[in-house]
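I would like the entire structure built from these sequences, with the hints used as guidance.
Listed below are the residues making up each chain.
Protein chains: 4
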Amino acid sequence: MAPGKKGILERLNAGEVVIGDGGFVFALEKRGYVKAGPWTPEAAHTHPESVRQLHREFLRAGSNVMQTFTFYASDDKLENRGQALKITGAQVNEAACDLAREVANEGDALVAGGVSQTPSYLSCKSETEVKAIFKKQLDVFMKKNVDFMIAEYFEHVEEAEWAVQVLKASGKPVAANMCIGPEGDMHGVSTGECAVRLVKAGVYIPHPLCFGSLVIVGVNCHFDPMTCPLAFHTPDCNCQGFIDLPEFPFGLEPRILTRWDMHAYAREAYNVGIRYIGGCCGFEPYHIRAVAEELATERGILPAASEKHGMWGAGLEMHTKPWVRARARRDYWEQLKPASGRPLCPSMSTPEGWGVTKGHADLLQHKEATSSQEMKHVVELQKKAKST
Amino acid sequence: MAPGKKGILERLNAGEVVIGDGGFVFALEKRGYVKAGPWTPEAAHTHPESVRQLHREFLRAGSNVMQTFTFYASDDKLENRGQALKITGAQVNEAACDLAREVANEGDALVAGGVSQTPSYLSCKSETEVKAIFKKQLDVFMKKNVDFMIAEYFEHVEEAEWAVQVLKASGKPVAANMCIGPEGDMHGVSTGECAVRLVKAGVYIPHPLCFGSLVIVGVNCHFDPMTCPLAFHTPDCNCQGFIDLPEFPFGLEPRILTRWDMHAYAREAYNVGIRYIGGCCGFEPYHIRAVAEELATERGILPAASEKHGMWGAGLEMHTKPWVRARARRDYWEQLKPASGRPLCPSMSTPEGWGVTKGHADLLQHKEATSSQEMKHVVELQKKAKST
Amino acid sequence: MAPGKKGILERLNAGEVVIGDGGFVFALEKRGYVKAGPWTPEAAHTHPESVRQLHREFLRAGSNVMQTFTFYASDDKLENRGQALKITGAQVNEAACDLAREVANEGDALVAGGVSQTPSYLSCKSETEVKAIFKKQLDVFMKKNVDFMIAEYFEHVEEAEWAVQVLKASGKPVAANMCIGPEGDMHGVSTGECAVRLVKAGVYIPHPLCFGSLVIVGVNCHFDPMTCPLAFHTPDCNCQGFIDLPEFPFGLEPRILTRWDMHAYAREAYNVGIRYIGGCCGFEPYHIRAVAEELATERGILPAASEKHGMWGAGLEMHTKPWVRARARRDYWEQLKPASGRPLCPSMSTPEGWGVTKGHADLLQHKEATSSQEMKHVVELQKKAKST
Amino acid sequence: MAPGKKGILERLNAGEVVIGDGGFVFALEKRGYVKAGPWTPEAAHTHPESVRQLHREFLRAGSNVMQTFTFYASDDKLENRGQALKITGAQVNEAACDLAREVANEGDALVAGGVSQTPSYLSCKSETEVKAIFKKQLDVFMKKNVDFMIAEYFEHVEEAEWAVQVLKASGKPVAANMCIGPEGDMHGVSTGECAVRLVKAGVYIPHPLCFGSLVIVGVNCHFDPMTCPLAFHTPDCNCQGFIDLPEFPFGLEPRILTRWDMHAYAREAYNVGIRYIGGCCGFEPYHIRAVAEELATERGILPAASEKHGMWGAGLEMHTKPWVRARARRDYWEQLKPASGRPLCPSMSTPEGWGVTKGHADLLQHKEATSSQEMKHVVELQKKAKST
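Residue numbers (UniProt numbering), protein chains in the order written: chain W, 1 to 388; chain C, 1 to 388; chain P, 1 to 388; chain A, 1 to 388.
Among the clues, some could well be false.
Copies of one chain are not kept apart here, so a pair can be met inside one copy or by any two copies together.
As the list claims (entries may be wrong) - Taking lysine-lysine and the DSSO-like style, the derived pairs with C-alpha atoms no more than 27 Å apart in a straight line are:
#: 1; residue 1: K168; residue 2: K376
#: 2; residue 1: K125; residue 2: K6
#: 3; residue 1: K168; residue 2: K86
#: 4; residue 1: K86; residue 2: K337
#: 5; residue 1: K337; residue 2: K383
#: 6; residue 1: K376; residue 2: K337
#: 7; residue 1: K168; residue 2: K125
#: 8; residue 1: K383; residue 2: K200
If you're looking for bench data, these hints aren't it; they were derived computationally from the structure.
Following this line, the structure appears as structure tokens:
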């Protein structure tokens with residue numbers, strides 16, 4: 001931590017509103033640096049300028065936390081997905097720490113080292129083996145001296161507990177989140193029970209970070225699309241979230257939240273007492289800026305990027321056309337029901353509902369890309385699922 | 001031009017498919033560097049790293065043309081919109097040329113200097129005055145030795161002709177486009193007549209570049225959303241295009257084209273004989289990549305960014321979940337009708353239809369942001385328009 | 001005509017607003033007395049109580065014209081569609097005249113004898129043969145002394161002319177309508193030319209009756225769904241109208257017009273000068289009542305059925321729940337955008353566009369129901385049509 | 001009961017599938033004989049031909065039960081809603097019994113006398129007073145010798161129990177239904193508890209009749225729009241059902257179920273063991289015919305009205321156009337996703353959620369139509385409700 005900066009616990013204990021960052025894998029996929037499917041973060045090593053720039057945009061949008069771009073950056077994942085890829089997890093983790101620190105130093109932000117679920121767990125490896133993977137990542141975070149830890153995107157509370165147990169040994173604050181919904185984890189453990197077990201495992205900040213299409217640990221959010229910080233409307237989702245939508249991941253555009261949806265999300269999160277508010281998949285810098293603008297009074301500060309926006313679209317006062325200028329007001333945007341321009345499309349989808357999880361043969365992870373035989377098998381399974 | 005690179009005319013004459021870039025103002029607005037309303041490009045000067053990075057992403061996605069980020073970069077526009085802004089047009093134009101050249105040199109791309117419509121014309125300044133503005137921009141382009149010129153985003157053919165007349169004096173190739181639809185320009189000149197007049201004015205490449213929500217000069221596109229390279233579905237638009245949509249510019253998310261829409265657009269453009277295919281507002285790097293992937297066979301090359309994609313989403317073969325792996329195929333994405341997840345929203349909007357243009361008092365441009373009195377006036381005009 | 005009643009021409013010449021009736025075949029199909037497919041009116045003979053009751057409901061709703069339920073009631077149609085059916089055209093026409101007269105006598109209504117297009121024409125029979133069919137129907141209408149004639153639902157102006165030429169020999173007023181759209185008749189004769197030819201053929205009332213999904217002869221209607229008196233929203237239709245919609249005829253429910261849509265239709269028709277306003281397929285008695293209520297001031301009378309309605313839903317003032325009572329006002333219903341409750345359905349369809357017509361082998365009519373071989377042939381044709 | 005007919009209990013005990021009838025108040029409202037708001041059935045007395053015809057259509061469509069058109073036919077309701085109306089409950093009940101019996105005698109149908117909730121209960125009258133009202137109706141049913149009793153459309157289980165206690169004294173079978181959803185009755189009694197209490201009160205047939213927007217007593221229906229026999233899609237409804245939809249009752253058209261939706265409903269009801277299947281608001285004769293056609297094999301009989309239909313639209317084989325003939329098949333209609341033709345409308349609504357019930361001052365019923373002062377009060381309440 002840069003001298004003079006307050007730590008994450010100090011901030012939260014002081015009642016500050018801490019703003020997290022957005023979704024790196026989705027944003028960088030659209031920019032050409034992350035591959036949908038593997039979703040691995042080797043760009044931190046191969047194209048650092050793209051990762052640095054995205055960190056800068058989130059900082060400028062108001063983020064107080066630069067989370068290292070280390071999602072899925074474990075050796076077992078990189079090997080499984082890597083084909084000819086010769087980059088090690090350590091290389092990615094180190095590069096990601098350096099980039100996050102470099103940009104954090106440019107403003108009032110902390111660096112959080114992130115770990116996430118592993119293919120080893122899904123493939124039924126032992127507790128010792130899985131914990132060794134987290135330990136390897138932690139070693140880099142300690143060497144690079146990140147400010148705190150985030151364990152995120154876990155579908156099984158058991159694996160999340162293992163991650164937390166490893167991370168807490170560092171002595172640094174640990175936040176933990178699961179990508180589960182109101183129906184609980186993939187093994188049927190209820191959401192409430194998950195929260196209890198994570199706290200027992202040693203989480204310092206049981207605050208409402210939530211990733212994927214997931215419910216907030218310890219928080220009950222009622223209103224769609226605000227169940228969770230996902231930047232897509234998902235009223236049609238079931239327990240496995242937006243991954244089961246037929247649109248995932250290449251047809252989600254019509255579901256993207258507007259900045260005004262984000263104002264509502266931020267306000268609601270604040271009202272239920274959440275003080276660490278971040279985003280996940282689909283959150284672009286302008287979404288985070290909207291969170292910061294909504295809470296500008298409470299935080300006593302506007303983000304730098306607001307010089308290019310103005311509250312509630314005030315910049316439109318300088319548009320060429322007078323009728324566009326007339327849209328520079330809060331009630332216009334708050335009341336707008338945006339059309340999709342897609343009259344041949346439905347408004348909701350029928351998500352797939354597989355219900356297979358760790359322990360199911362089809363989820364054993366392997367290095368090879370899917371063979372045509374496997375594909376056939378899956379299509380048969382789908383037909384079966386639909387007919388029941 | 002870098003030694004050994006072929007010029008734009010050589011490429012087109014050789015039958016090559018040239019791919020343009022995407023929409024800088026919209027992309028940079030979401031990243032926090034452009035203000036919606038003024039839409040001016042001062043970021044080229046103040047935040048060069050953001051502009052450089054976006055150029056790189058388009059290059060990586062397959063663009064053969066780095067257009068200078070000089071949209072609205074004339075002194076009359078910057079002054080009108082600038083408030084405390086002390087940056088001159090020359091500073092912006094110079095910085096933009098340097099950035100475009102720097103990135104063009106990293107690959108097989110040319111640099112195009114761009115000019116666009118001016119507030120002076122809308123405010124009824126003389127031909128001499130308007131031409132002097134274009135000349136000032138041209139001086140920078142000549143000094144920086146761009147490879148060719150683009151005159152774009154003109155609503156009135158008269159002003160476009162003036163721009164072309166100035167630019168052609170440079171001796172460099174000039175492309176020209178208007179942001180008009182099938183109903184012609186804002187003064188009622190038919191689309192065909194506009195094309196004839198631009199060719200007479202000296203345009204070297206009457207090829208189908210088209211910006212805004214506009215029809216392609218000389219090309220008849222029949223199928224929505226493919227009237228024009230706008231990355232938003234606009235079946236409900238009338239003559240002034242997407243600016244008149246109530247969603248413009250902060251609620252357009254549900255209309256964003258998917259990469260698969262772009263495949264269809266690129267194929268159709270190619271089939272009608274277009275060989276210079278670019279994008280405008282809303283085109284992100286992954287949209288340009290989709291154009292390049294669709295035409296990979298014809299062009300004999302895949303863009304660099306396809307290492308992170310694979311044709312028709314092939315990267316999904318390495319996804320964790322088998323049912324997502326089953327989506328790694330062309331027919332899945334071609335046939336998908338993406339839902340919006342917005343069951344409380346309509347699929348189409350009722351656009352405003354003002355029909356005021358140059359010569360109308362309400363379009364005189366001024367430095368001050370809209371006063372509340374003006375706003376009142378506009379709202380009254382809107383009510384009137386709706387009741388007739 | 002009952003003594004003391006004014007004829008149709010007298011009424012129109014006096015500037016009265018004459019209200020027609022609604023769609024018998026669609027209404028009786030839902031009540032169980034008409035078969036979709038053949039669409040023949042034998043119920044006038046076999047189930048007179050059902051036809052009498054529907055006449056009464058339209059009379060009560062404000063209709064001034066009881067059109068005989070003789071749509072497709074020609075021997076060639078009945079034979080073609082009749083299978084074991086032993087009923088003759090004369091039997092149906094006579095029964096229909098008696099029912100229309102019986103109910104017309106219960107109020108201020110006239111009786112109109114109706115003829116429509118014939119399978120003989122589609123099967124390329126001669127002018128003499130086709131005219132003989134109309135003559136046979138006319139003989140019954142003369143014997144039963146109807147008040148005037150309506151020739152309706154013609155897709156080819158040539159056949160409509162033949163019908164008018166036969167009917168005008170009766171000396172009674174003749175109204176004529178074609179089921180065509182802005183693109184003209186099925187042989188490519190423009191809509192304007194159709195109107196001219198019908199007037200020349202001897203039509204006394206070139207007033208805007210229009211049936212099927214058709215434009216009004218001599219009248220230019222701009223606003224969907226108001227092109228024509230069809231009681232279904234059809235913004236997605238092409239030249240052959242709602243028959244080409246994939247929903248026709250058993251999935252049209254979500255398109256049904258509300259009574260408030262009818263208020264708008266009636267007002268617009270009145271404003272463009274139409275004084276004979278009726279309905280076609282899908283018009284139920286409450287739709288006609290809405291027309292009569294909208295024009296109550298102009299006509300100086302409310303229909304009998306309004307005792308069970310009240311203008312703009314005033315009856316809701318007596319609802320049990322106070323919040324439903326609050327809906328008893330005009331602006332509530334005028335502004336309502338009714339939801340479909342079908343979030344998995346699109347808002348528009350892709351209509352088929354066959355473009356085959358009289359002269360095409362596939363349109364030769366025959367007595368037998370479609371064979372499976374024919375069905376195969378059609379499905380192949382459809383695939384071909386979609387691929388071009 | 002006509003000699004030789006089996007009673008309702010005999011039929012059900014023999015495993016027969018009994019088909020009820022559809023929604024009289026909604027159907028007759030559209031035909032011009034019932035006033036939305038009061039919803040009272042005086043037409044049985046004033047326009048018997050309209051009620052007789054509707055009974056006949058349901059009989060023809062396959063109904064085995066002619067329920068007397070006596071919904072809300074109690075003196076307290078008629079007085080409250082009646083204004084100048086001088087008709088007594090006894091007159092309406094007697095006429096309705098005669099009509100139901102007349103048509104039941106024309107086929108294989110029974111007559112069921114129906115009672116429903118009263119304004120007296122809502123206005124907090126005593127058990128004695130409320131029971132006296134039911135007794136008065138029962139006296140007519142006994143005099144007219146109906147075959148069994150139905151107590152339906154109750155929002156409070158207490159009042160339903162009172163009704164059942166009165167009716168069972170007759171010695172005839174009594175069926176009972178409540179118009180409640182999964183959340184229980186308006187006083188918060190759970191749906192299961194309601195069922196238990198009704199059975200204890202003496203209901204002989206705890207079979208799945210259900211009216212309004214209500215759950216079926218003792219039956220768990222999972223799939224929308226099949227929660228209940230309402231002929232409107234209501235995925236957006238909350239506990240008080242479709243009455244709270246902004247479209248109720250004059251803008252529900254786009255929600256109307258197609259005949260194919262009814263096939264699915266009938267099949268599902270049958271599969272969960274229901275053997276008495278009827279419909280409620282919005283059910284037209286063709287909806288009941290669809291139920292009868294779906295269960296034709298199980299019942300060993302097709303309804304008379306199927307002579308005008310054919311299974312799965314087989315009648316289309318005789319349509320003029322070959323491409324419409326190609327729609328005469330089951331898979332076409334089963335797979336169709338019908339469009340609404342309403343691209344400016346949403347697919348779902350935001351229902352009102354009042355939560356006031358018996359005991360709340362605003363629900364005291366009175367004879368006068370709503371005053372403008374009351375209306376103001378309600379609108380204020382609505383605003384309050386929305387802001388919380």
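Comparing the hints with the structure gives:
{"no.": "1", "hint": "K168 - K376", "verdict": "neither (44 Å within a copy, 59 Å between copies)"}
{"no.": "2", "hint": "K125 - K6", "verdict": "neither (39 Å within a copy, 56 Å between copies)"}
{"no.": "3", "hint": "K168 - K86", "verdict": "neither (30 Å within a copy, 51 Å between copies)"}
{"no.": "4", "hint": "K86 - K337", "verdict": "neither (48 Å within a copy, 38 Å between copies)"}
{"no.": "5", "hint": "K337 - K383", "verdict": "between (36 Å within a copy, 19 Å between copies)"}
{"no.": "6", "hint": "K376 - K337", "verdict": "between (42 Å within a copy, 23 Å between copies)"}
{"no.": "7", "hint": "K168 - K125", "verdict": "within (22 Å within a copy, 67 Å between copies)"}
{"no.": "8", "hint": "K383 - K200", "verdict": "neither (42 Å within a copy, 45 Å between copies)"}
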